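Undergrad: Okay, here's what each chain looks like letter by letter:
Number of protein chains: 2
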Amino acid sequence: MALIVQKYGGTSVGSIERIQAVAAKVKAVQDSGDQIVVVVSAMSGETNRLVSLAKEIDYCPAPREMDVLLSTGEQVTIALLCMALHKMGCEARSFTGGQVQILTDNAHSKARIRGIEGIRVNADLQAGCVVVVAGFQGVDDQGNITTLGRGGSDTTAVAMAAALKADECQIFTDVNGVYTTDPRIEPKARKLDRITFEEMLEMASLGSKVLQIRAVEFAGKYNVPLRVLSSFEPGEGTLITFEDEGMEEAKISGIAFNRDEAKLTILGVPDQPGVAYSILGPVSNANIEVDMIIQNIAEDDTTDFTFTVHRNDYPKTLEILTETSGILGAREVIGDDSIVKVSLVGVGMRSHSGIASTMFEALAKEGINIRMISTSEIKISVVVDEKYLELGVRALHEAFALDEEPQ
Amino acid sequence: MALIVQKYGGTSVGSIERIQAVAAKVKAVQDSGDQIVVVVSAMSGETNRLVSLAKEIDYCPAPREMDVLLSTGEQVTIALLCMALHKMGCEARSFTGGQVQILTDNAHSKARIRGIEGIRVNADLQAGCVVVVAGFQGVDDQGNITTLGRGGSDTTAVAMAAALKADECQIFTDVNGVYTTDPRIEPKARKLDRITFEEMLEMASLGSKVLQIRAVEFAGKYNVPLRVLSSFEPGEGTLITFEDEGMEEAKISGIAFNRDEAKLTILGVPDQPGVAYSILGPVSNANIEVDMIIQNIAEDDTTDFTFTVHRNDYPKTLEILTETSGILGAREVIGDDSIVKVSLVGVGMRSHSGIASTMFEALAKEGINIRMISTSEIKISVVVDEKYLELGVRALHEAFALDEEPQ
Numbered sequence: 001m002a003l004i005v006q007k008y009g010g011t012s013v014g015s016i017e018r019i020q021a022v023a024a025k026v027k028a029v030q031d032s033g034d035q036i037v038v039v040v041s042a043m044s045g046e047t048n049r050l051v052s053l054a055k056e057i058d059y060c061p062a063p064r065e066m067d068v069l070l071s072t073g074e075q076v077t078i079a080l081l082c083m084a085l086h087k088m089g090c091e092a093r094s095f096t097g098g099q100v101q102i103l104t105d106n107a108h109s110k111a112r113i114r115g116i117e118g119i120r121v122n123a124d125l126q127a128g129c130v131v132v133v134a135g136f137q138g139v140d141d142q143g144n145i146t147t148l149g150r151g152g153s154d155t156t157a158v159a160m161a162a163a164l165k166a167d168e169c170q171i172f173t174d175v176n177g178v179y180t181t182d183p184r185i186e187p188k189a190r191k192l193d194r195i196t197f198e199e200m201l202e203m204a205s206l207g208s209k210v211l212q213i214r215a216v217e218f219a220g221k222y223n224v225p226l227r228v229l230s231s232f233e234p235g236e237g238t239l240i241t242f243e244d245e246g247m248e249e250a251k252i253s254g255i256a257f258n259r260d261e262a263k264l265t266i267l268g269v270p271d272q273p274g275v276a277y278s279i280l281g282p283v284s285n286a287n288i289e290v291d292m293i294i295q296n297i298a299e300d301d302t303t304d305f306t307f308t309v310h311r312n313d314y315p316k317t318l319e320i321l322t323e324t325s326g327i328l329g330a331r332e333v334i335g336d337d338s339i340v341k342v343s344l345v346g347v348g349m350r351s352h353s354g355i356a357s358t359m360f361e362a363l364a365k366e367g368i369n370i371r372m373i374s375t376s377e378i379k380i381s382v383v384v385d386e387k388y389l390e391l392g393v394r395a396l397h398e399a400f401a402l403d404e405e406p407q
Numbered sequence: 001m002a003l004i005v006q007k008y009g010g011t012s013v014g015s016i017e018r019i020q021a022v023a024a025k026v027k028a029v030q031d032s033g034d035q036i037v038v039v040v041s042a043m044s045g046e047t048n049r050l051v052s053l054a055k056e057i058d059y060c061p062a063p064r065e066m067d068v069l070l071s072t073g074e075q076v077t078i079a080l081l082c083m084a085l086h087k088m089g090c091e092a093r094s095f096t097g098g099q100v101q102i103l104t105d106n107a108h109s110k111a112r113i114r115g116i117e118g119i120r121v122n123a124d125l126q127a128g129c130v131v132v133v134a135g136f137q138g139v140d141d142q143g144n145i146t147t148l149g150r151g152g153s154d155t156t157a158v159a160m161a162a163a164l165k166a167d168e169c170q171i172f173t174d175v176n177g178v179y180t181t182d183p184r185i186e187p188k189a190r191k192l193d194r195i196t197f198e199e200m201l202e203m204a205s206l207g208s209k210v211l212q213i214r215a216v217e218f219a220g221k222y223n224v225p226l227r228v229l230s231s232f233e234p235g236e237g238t239l240i241t242f243e244d245e246g247m248e249e250a251k252i253s254g255i256a257f258n259r260d261e262a263k264l265t266i267l268g269v270p271d272q273p274g275v276a277y278s279i280l281g282p283v284s285n286a287n288i289e290v291d292m293i294i295q296n297i298a299e300d301d302t303t304d305f306t307f308t309v310h311r312n313d314y315p316k317t318l319e320i321l322t323e324t325s326g327i328l329g330a331r332e333v334i335g336d337d338s339i340v341k342v343s344l345v346g347v348g349m350r351s352h353s354g355i356a357s358t359m360f361e362a363l364a365k366e367g368i369n370i371r372m373i374s375t376s377e378i379k380i381s382v383v384v385d386e387k388y389l390e391l392g393v394r395a396l397h398e399a400f401a402l403d404e405e406p407q
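Sequence lines, in order, name chains C and G.
Taking the numbering used here, the leading residue of the first sequence gets 1, the next gets one more, and so forth.
Taking the numbering used here, the leading residue of the second sequence gets 1, the next gets one more, and so forth.
If you are wondering where the hints come from, they were derived from the structure by calculation, not from laboratory data.
Watch out, some of these pointers could steer you wrong.
Where chains are identical, the list cannot tell them apart; a pair therefore holds if satisfied intra-copy or between any two copies.
[Stated by the list, open to error] SDA-like mimics (lysine to any residue), calculated; alpha carbons at most 25 Å apart, straight line: (1) K110 - E91; (2) K188 - A204; (3) K55 - I370; (4) K55 - T11.
Bear in mind the structure is a predicted one, so any value in this text is a computation, not a measurement.
Pulled out of the complex, with its shape left as it was, chain C reads as follows (with noise of 0.2 Å):
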């Protein structure tokens, strides 16, 4: 007998129908034996809706009371699911998150989970009950309702499975899997079986947005296996796990890329202690986040150092970077804000050699000129011109031959 944890998002019980239907996916695990802990999150338009209602009175109405409207759609969806799964003789009961005790800190529509109190769910899983819990919603030591942020329900999910060493945790989504790439640029992206959490966190981080970040981390922090599979269609999806024997000897396991980058460089910066600082700290200070960043020695004691953020974020990180510029004394401030990333990703790359040439040759025989390049232990990112982002990503999964089943 296994422990499952699964998650439904707003879309998988959008309507009456679509939560019937989740109940009979749930019903079958209860039927082979299994115990379940379900996870769910608002029905589809709900949260929507409740934003419409809270910015009628206040465009930025507190966030303590934003975090007591929303997680009431939560709470109408565990009531509905247990209603179905009752119609088809199913025990079950609906807990929200603080009834369950899901602990966050107090930062109200992104609080941070601190710890779960099984206990009681545990009893009612004995007992043969499903256990129903809301997704996305916490309670702070002083009992105050606070929430995860969006897309926090995986979250809750994972911590769920940590919590009650599930054996599995199943998030359910609109898509059956974690692909090598993004389908829509990519019509020959494979969908893998397996990926390990590392791969996972940079796939995620790099924008094939499957599943939450924090979600994954913390599986990977609490060793909870984690899969991902269609709300719509069967299919084992994809499990995120740590590598082992098993895994796949792929080199690569995908191609992440992200469309919003733009980069900045200031140029020539006396290359004194303390010049990283110097420059990024004014940047952090506005809240703006930093993604890529790259330091060169250039000629005459200077260095040029660049970095990117966010498309939105770009009129502001040069103003910034402006005035740090006559601070410091540098040459000349240039960006540009129609750049990509395009990353390679796959455990493998730590033993084997020659990846990054592999890369650079297929790039370079499309003519696409590399702007940046940044490694980690299993990635590597280039920025390219916005233009060659497709064609990048294409030309990568070939060179890599990512449609193909891995020997």
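Starting from the known structure of chain C, fit chain G onto it as the hints suggest.
TA: Just chain G now, kept in the frame of chain C:
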């Protein structure tokens, strides 16, 4: 500085504009230097919307899950009201029934309040914050969400007022107070400035549905002065309180009535100990509530036994009674489902004689035949043919000069 508890029902918070209007009223109290706790219902229409969702799944959903579902209605309102108060520069914090620790028994959908832990709310009030509480809901000792049943928000408000020893509990509704009788029947009906708890209980249970009976009982038990006011019109409403020297010297406070009655009589039952139980036991076992009960000794050691039930229960009761009649060897069962009950209510009755004869005289003058009579310390009820309801109410209203302010 006074501590005021205000309660606003679903119609009063039925739209964003109305919520903003409630916020303005609440802020006025706060600005005057008083402390204030506000209890709110779900926005009108919201509870029905949620019920419809549930009914799509199961016509008879589990009460526990129904409570989880319905309690979201008030939770939405508390968040929106706090946002509206913030927008007006008024500090406010929302609390669900569970957060404020409204402890109930576990009778889902009709739970009864056991106690309230007021400490946390006290701290917020001390800090000058408006406390906004979700009506209608609580938690049992297992932390399950419970609801108090329709109209339960009144009870929540009274319970909060009792726990906090509030100076007054103000119930805002769509009527501007308690009237001597229903103004739709007698246009000369006069609003009462004051009424006692006992009178209010008789008025409410007899059909003048201004306040939930349980709320009035609760207020009486915990000595909470209760005031009924209109959300939409200015005015002092009606204060429901204990008898004191300042009370109006009225003999009669009002005339209540109940349209939905039916009466049944079992004739010629052999008069022996336990006969009342033999007759009413099977009725009660069928969950049928009995209202008036009258037993007359007939001739020849038999008795006639008459009682009234809700008109909807008439066919079932007739069936049960016919069976009982056979068992007891009674002569006959007769019934009438086109009767109404009209009641005079007033604590003044206790110290004034001749009330009953004035009543019977007034009805006789109009040719209204009295079918049953029942009396208590502060009320006299008569059962008459349905067609005499309006005529009877107006005749009594005039006979006791209820349209005139008492001297």
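Undergrad: Decide, hint by hint, whether the structure agrees.
TA: Here is what the structure says about each hint:
Taking identical chains as interchangeable, the C-alpha atoms of K110 and E91 lie at most 25 Å apart only when they sit on different chains, with a minimum of 22 Å there against 33 Å within one chain. In this assembly of identical chains, the alpha carbons of K188 and A204 lie at most 25 Å apart only when taken from the same copy (20 Å versus 73 Å across copies). In this assembly of identical chains, the alpha carbons of K55 and I370 never lie at most 25 Å apart, being 44 Å within a copy and 60 Å across copies at closest. For the homomeric pair K55 and T11, the shortest alpha-carbon distances inside one copy (23 Å) and between copies (21 Å) are both at most 25 Å.
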